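*Asks:* Start counting the sequence shown at 459; every next residue gets the next number (this note's numbering).
Among the clues, some could well be false.
Here are the computed lysine-lysine pairs in the DSS-like style, where the Cα-Cα straight-line distance is at most 30 Å [unchecked claim]:
| hint | residue 1 | residue 2 |
| --- | --- | --- |
| 1 | 594 | 615 |
| 2 | 578 | 615 |
| 3 | 594 | 629 |
| 4 | 578 | 629 |
| 5 | 578 | 594 |
| 6 | 629 | 615 |
Computed spacing ranges between beta-carbons, pair by pair [claimed, not checked]:
| hint | residue 1 | residue 2 | range |
| --- | --- | --- | --- |
| 7 | 512 | 467 | 15 to 21 Å |
| 8 | 465 | 538 | 16 to 22 Å |
| 9 | 574 | 480 | 21 to 27 Å |
| 10 | 570 | 515 | 22 to 28 Å |
| 11 | 626 | 473 | 16 to 22 Å |
If you are wondering where the hints come from, they were derived from the structure by calculation, not from laboratory data.
Here the structure is a predicted model, which means the values were calculated and not measured.
Heads up, the beta-carbon is just placed ideally off N, CA and C, and yes, glycines get one too.
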Amino acid sequence: MTRIGVRARVREDLAAARLRDPAARGRLEIALLYSGVHAVWAYRLSHALWVRGLRFPARAVSQLARWLTGIEIHPGAEIGRRFFIDHGMGVVIGETAEVGDDVMLYHGVTLGGRTRSAGKRHPTLEDGVAVGAGAKILGPVRIGAHSVVGANAVVTKDAPADSVLIGIPAKARHRVAGEDTRALLTAPEYFI
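Build the full structure now, drawing on both the sequences and the hints.
*Replies:* Set out below in structure tokens:
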């Protein structure tokens, strides 16, 4: 994993939001008004505390961010670069979740567990995954790179790269070459 400085990371986060949100008007607006970006920045701080063994302060920062943004990201989660949460209210990311680079979540998404046992109990989203509003990805499942999870889907099984997952329980199909991720997330046939 490439380490970059705080300023470079902030610039990357702002660019990711601008790229993925057609309503974004500029970096200043994103930096001041986007709760998903604020939650990611708070996560980065809380995660830095968590990995240094400062568990209580890490949880305090994450709970403050949850109170301010409506987005709960456990400081133990592993989140990659250029992660964007659009309209993030209600997003929950569990402690053992792993999120790759260039991942996008919409509001109401849960990356949750299905068991109380110790160990890996939350999902892994590989690079370039997009998850539609209200989707629930539960348990230690792996969603392959560049997959799309439709709005309100409930995913409890692994999916290969370049999949489209829809339904309750979600069923995966291979994504057709050239399918636009943004179009997939807004097309009525992928809603539940």
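*Asks:* Next, verify each hint and record whether it holds.
*Replies:* Hints, verified against the model:
| no. | hint | result |
| --- | --- | --- |
| 1 | 594 - 615 | 12 Å, holds |
| 2 | 578 - 615 | 15 Å, holds |
| 3 | 594 - 629 | 13 Å, holds |
| 4 | 578 - 629 | 23 Å, holds |
| 5 | 578 - 594 | 17 Å, holds |
| 6 | 629 - 615 | 9 Å, holds |
| 7 | 512 - 467: 15 to 21 Å | 20 Å, holds |
| 8 | 465 - 538: 16 to 22 Å | 18 Å, holds |
| 9 | 574 - 480: 21 to 27 Å | 41 Å, violated |
| 10 | 570 - 515: 22 to 28 Å | 24 Å, holds |
| 11 | 626 - 473: 16 to 22 Å | 35 Å, violated |
Checked against the numbered hints above, the structure violates hints 9, 11; every other hint is satisfied.
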